[in-house]
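**Q** Please model the entire structure based on the sequences and the hints provided.
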Amino acid sequence: MQPPAIALENVVKRFDDGAPVLDGVCLTVAPSEFLTVIGASGSGKTTLLRMINRLLDPTAGHIFVGGKETAAQDATALRRSIGYVFQEVGLFPHMTVAENIAITPRLIGWTADRISARVSELLVLVQLDDDYTDRYPHQLSGGQRQRVGLARAIAASPDVVLMDEPFAALDPLTRETLGRDYRRLHDELGITTVMITHDVLEALTLADRIIVLSGGRVVADDKPRDIIDNAHPYVAELMQAPRRHAQKIGQLFGSSESA
Amino acid sequence: MTDPRIADALGRLPDYLGNHILVSVTALALGLAVSLPLAFAAFRRPVLRTILLTVTSIVQTIPGLALLALFYPFLLGVAALSERFLGFGFSALGFLPAVLALALYSMLPVVRNTITGLGGIDPAIKQAAIGVGMTPRQSLRLVELPLALPMIMAGIRTASVWVIGTATLATPIGQTSLGNYIFAGLQTQNWVFVLFGCVTAAILALIFDQLLALIERGLTEHRRGKIVAGAGALAIIIAVALLPGQIRAQHGYIIGAKTFTEQYVLANLIEQRLAAAGLPARRRDGLGSAVIFDALTAGEIDVYVDYSGTIWANQMYRSGSAGRAEVLEKVGTWVDEERGVRMLGSLDFENSYGLEMTKVRAQALDIS
Chain A
661 MQPPAIALEN VVKRFDDGAP VLDGVCLTVA PSEFLTVIGA SGSGKTTLLR
711 MINRLLDPTA GHIFVGGKET AAQDATALRR SIGYVFQEVG LFPHMTVAEN
761 IAITPRLIGW TADRISARVS ELLVLVQLDD DYTDRYPHQL SGGQRQRVGL
811 ARAIAASPDV VLMDEPFAAL DPLTRETLGR DYRRLHDELG ITTVMITHDV
861 LEALTLADRI IVLSGGRVVA DDKPRDIIDN AHPYVAELMQ APRRHAQKIG
911 QLFGSSESA
Chain B
13 MTDPRIADAL GRLPDYLGNH ILVSVTALAL GLAVSLPLAF AAFRRPVLRT
63 ILLTVTSIVQ TIPGLALLAL FYPFLLGVAA LSERFLGFGF SALGFLPAVL
113 ALALYSMLPV VRNTITGLGG IDPAIKQAAI GVGMTPRQSL RLVELPLALP
163 MIMAGIRTAS VWVIGTATLA TPIGQTSLGN YIFAGLQTQN WVFVLFGCVT
213 AAILALIFDQ LLALIERGLT EHRRGKIVAG AGALAIIIAV ALLPGQIRAQ
263 HGYIIGAKTF TEQYVLANLI EQRLAAAGLP ARRRDGLGSA VIFDALTAGE
313 IDVYVDYSGT IWANQMYRSG SAGRAEVLEK VGTWVDEERG VRMLGSLDFE
363 NSYGLEMTKV RAQALDIS
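So the protein sequences, as listed, match chains A and B. 791 is the number that my numbering gives to position 131 of the first sequence; each next residue is one higher, with no gaps. 326 is the number that my numbering gives to position 314 of the second sequence; each next residue is one higher, with no gaps.
Calculated from the structure, these hints are not laboratory results. Be careful, since some hints might not be right.
Computed Cβ-Cβ distance ranges for the label pairs, DEER-style [unchecked claim]:
1) B:153 / A:737: 17 to 23 Å
2) A:911 / B:147: 55 to 61 Å
3) B:147 / A:675: 20 to 26 Å
In silico lysine to aspartate or glutamate, DMTMM-like type, Cα no more than 20 Å apart, as pairs [to be verified]:
4) A:908 / A:859
5) B:138 / A:825
6) B:138 / A:717
7) B:342 / B:362
8) A:883 / A:693
9) B:238 / B:221
10) A:908 / A:897
11) A:883 / A:897
12) B:138 / A:759
13) B:138 / A:748
14) B:342 / B:360
15) A:728 / A:717
Which residues of chain A face chain B? A partial, calculated answer using Cβ under 10 Å [as the list claims (entries may be wrong)]:
16) 736
17) 743
18) 752
19) 764
20) 767
21) 768
22) 812
23) 822
Predicted, not measured: the structure shown is a model, and the values here were computed from it. No residue lacks a Cβ here, since even glycine has one placed at the ideal position from N, Cα and C.
**A** As structure tokens, then:
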């Protein structure tokens with residue numbers, strides 16, 4: 661049987677001597693699955709994500725990526741094999757679009773020809789024109805920057821991509837378009853994605869599966885269709901707003917169609 | 013060009029300017045070679061960072077002239093030790109102390125700007141660098157250094173302006189520089205010289221600043237042409253500065269002179285007399301009173317005119333006064349026996365001190 665793409669076993673993370681941020685988290689993500697993580701600020705979402713590529717190490721417990729325990733691997737090599745999309749984009753301001761996209765292949769030691777071919781290919785994948793190649797991040801719109809961020813994350817063809825609120829800073833329309841575009845890439849390339857979001861609607865519409873973190877524990881873990889009826893009080897509260905919106909919008913569209 | 017002083021000043025320019033550039037560039041290169049690695053090592057280590065910034069700040073509070081002067085006795089001691097234990101000595105006068113003091117002087121802006129520049133980088137960017145798979149060293153080289161570069165270059169530019177300006181103070185410790193115009197001009201009331209020295213030093217500093225700025229723009233804009241143009245121009249300036257050095261390397265007697273009017277006159281007279289006798293000679297003007305006797309005993313200069321009372325008090329540490337003949341005789345014996353210096357004789361001029369006061373004040377104090 662194929663091992664899970666990502667597995668966490670009883671992971672605990674404590675900073676200094678404070679209360680644990682994550683307190684015994686167990687989680688498996690199947691290959692090519694799209695998992696979203698939702699939860700309040702301070703619920704440990706970003707900490708969870710950062711431990712998967714060893715930007716942080718757990719206080720206790722075990723983490724496996726591709727069936728191999730991460731603690732036993734070289735952290736730098738592990739990070740190069742995993743795509744990461746940062747909350748505030750995190751593009752390098754002194755590098756052009758092409759140089760930003762090429763960074764991980766360059767670190768791995770690809771040849772210049774292979775890198776430049778890959779950059780062209782990626783620009784098509786994230787739907788950016790060729791003439792963006794030599795621009796700098798400050799010359800791009802927010803949406804364009806995050807398209808570059810996506811291209812950079814998948815440049816070295818990783819099996820796993822981690823996304824930390826990737827579309828949070830974008831306007832709603834761009835956010836929705838980029839979300840859909842990424843979901844298409846995820847499906848085409850067979851990537852395993854873990855995406856953090858505070859936008860419940862985004863989580864529901866993009867994911868195969870959603871987990872809800874609260875107080876350092878996983879309080880719900882289900883498909884979007886099922887999680888909306890979850891009885892856990894915090895989860896029910898989270899689902900209230902989308903439910904009201906859905907009803908209201910259903911009425912609006914319903915009435916306009918019947919008119 | 014009607015004023016003969018301008019022609020005189022222009023005639024000395026290759027020597028003064030060449031020396032000024034050499035001592036400044038060497039000091040800057042040495043300063044950078046020390047400051048940059050130290051700053052890279054210190055910016056992530058709070059304790060080392062504090063020590064480094066404190067020490068370089070303290071150095072900056074020492075007046076430039078004092079810092080330059082302090083290196084002379086220090087190096088004299090080091091040279092003596094080296095001669096004794098390693099079998100070779102070196103000149104403690106001129107180039108070496110000037111380079112060391114100026115290099116030390118250049119450190120603060122470079123160290124501070126490097127630490128500030130590297131420390132001021134957005135943590136999110138550094139996190140991204142690690143996240144895409146860079147090692148800390150790669151993050152420093154590929155991300156942090158390029159982003160801090162404008163700040164670091166600004167520090168280097170400040171240091172170059174400071175060093176070129178302060179190098180004018182290297183004259184009293186025996187390093188020829190554009191300061192020779194200023195010190196000689198101040199003593200002989202030759203304002204053309206003073207202005208000439210100030211203006212040429214300022215122009216030189218501006219040229220260096222602008223060329224470094226050009227290199228900086230080339231680096232940040234990835235424009236190879238600008239880097240080559242800036243670095244090439246600097247290289248040409250340095251090469252041209254080396255040329256007079258080849259011509260200068262001549263043999264002959266070296267006549268020392270302190271920074272007083274009559275010293276300039278006397279050194280000139282000695283030079284003329286030697287030239288008339290067919291002996292090559294050159295002057296080393298503007299030496300500080302504190303260094304000139306040591307320079308003589310160390311063989312840096314061959315002859316100079318000193319004042320018997322100065323040696324009596326400052327070298328022999330005698331207090332109280334004695335008769336003129338007695339002082340002269342004892343000084344002559346002392347320099348011969350203790351320092352291996354031969355007193356050639358006394359000149360026919362008196363340089364005693366006098367006390368002046370108004371008649372009213374003298375009557376009030378009952379002094380007649």
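**Q** With a cut-off of 10 Å, does the beta carbon of residue 752 of chain A approach a beta carbon of chain B closely enough for the hint to hold?
**A** holds (6 Å)
**Q** Need the status of pair residue 138 of chain B, residue 759 of chain A: alpha-carbon distance at most 20 Å?
**A** holds (16 Å)
**Q** Against chain B, is residue 736 of chain A within 10 Å by beta-carbon distance?
**A** Since the shortest Cβ distance to chain B is 5 Å, the answer is holds.
**Q** Let's test the interface hint: is any C-beta of chain B closer than 10 Å to that of residue 822 of chain A?
**A** It holds, given that the least Cβ distance between residue 822 of chain A and chain B is near 9 Å, below 10 Å.
**Q** Answer holds if the nearest beta-carbon of chain B is closer than 10 Å to that of residue 764 of chain A; otherwise answer violated.
**A** Status holds, d = 5 Å.
**Q** Given the hint that residue 883 of chain A pairs with residue 693 of chain A, does the C-alpha gap stay at or below 20 Å?
**A** holds (11 Å)
**Q** Does the closest beta carbon of chain B sit nearer than 10 Å to the beta carbon of residue 743 of chain A?
**A** holds (9 Å)
**Q** Does residue 717 of chain A lie within 20 Å of residue 138 of chain B when you go C-alpha to C-alpha?
**A** Since the Cα atoms of residue 138 of chain B and residue 717 of chain A sit roughly 18 Å apart, the hinted pair holds (cutoff 20 Å).
**Q** Given the hinted pair residue 342 of chain B and residue 360 of chain B, is their Cα-Cα distance within 20 Å?
**A** Roughly 18 Å between the alpha carbons, so the hint for residue 342 of chain B and residue 360 of chain B holds.
**Q** If you draw a straight line from the CA of residue 883 of chain A to the CA of residue 897 of chain A, is it 20 Å or shorter?
**A** Within the cut-off at roughly 17 Å; holds.
**Q** Would the hint linking residue 138 of chain B and residue 748 of chain A be met if the CA-CA limit is 20 Å?
**A** holds (12 Å)
**Q** Honestly, do residue 153 of chain B and residue 737 of chain A meet the 17 to 23 Å range at C-beta?
**A** Hint holds: Cβ distance 19 Å, inside 17 to 23 Å.
Violated hints for the displayed structure: none, as all numbered hints are satisfied.
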